[in-house]
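Colleague: Sequence:
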Amino acid sequence: MKFTLDTTTIKTIALAESVTHAQIRDCVMLGDVMVFIVDEGEIGMAIGKGHSNVRRLEMLLKRRVKIIAYSEDVVQFIRNLMYPLEIEKKEEKEGILYITGKDVQTRAMLIGRNATTLRAIEEIVKRYFQIQEIRVVQ
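If you count the sequence shown from 1, you need to add 22 to reach the working numbering.
Result set (BS3-like, lysine-lysine): computed pairs, CA atoms no more than 30 Å apart in a straight line:
1) K88 - K124
2) K124 - K111
3) K111 - K88
Simulated restraints on C-beta separations:
4) Q152 - E62: 17 to 25 Å
5) Q98 - T31: 21 to 29 Å
6) Y92 - T30: 15 to 23 Å
7) K33 - D61: 16 to 24 Å
Think of the hints as simulated: they come from the structure by calculation, not from any bench. Ideal placement from N, C-alpha and C gives every residue a C-beta, glycine not left out.
Put together the whole structure using the sequences plus the hints.
Modeller: And the structure:
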């Protein structure tokens, strides 16, 4: 999928690349957390020893930072986005992805207040995969 980046996002990605020395695919705001998406093979280098690169980015950007690995599998990508929450299983029907959380509390955290967390994750996933909607089921 193709998407465009504004100049602020490009500058933020360039800053993150200079700190982490990893190739950053994308930068997205998820609530109050800035999420950087890197290739699976570069996640260790991006995070740094003892999370040093994450802490340095948080200091420079003055906001919380999360670095996740991109995956070609949509469910693994969602798992990476929602880590440490555990997603049990998935089912895809007609462009709608149904996912199940480990327990009631996990499902509630996946959805978020007024489904804000779920919709934010959905927007990030739609940038890379052709899905219409994500639904959390029991």
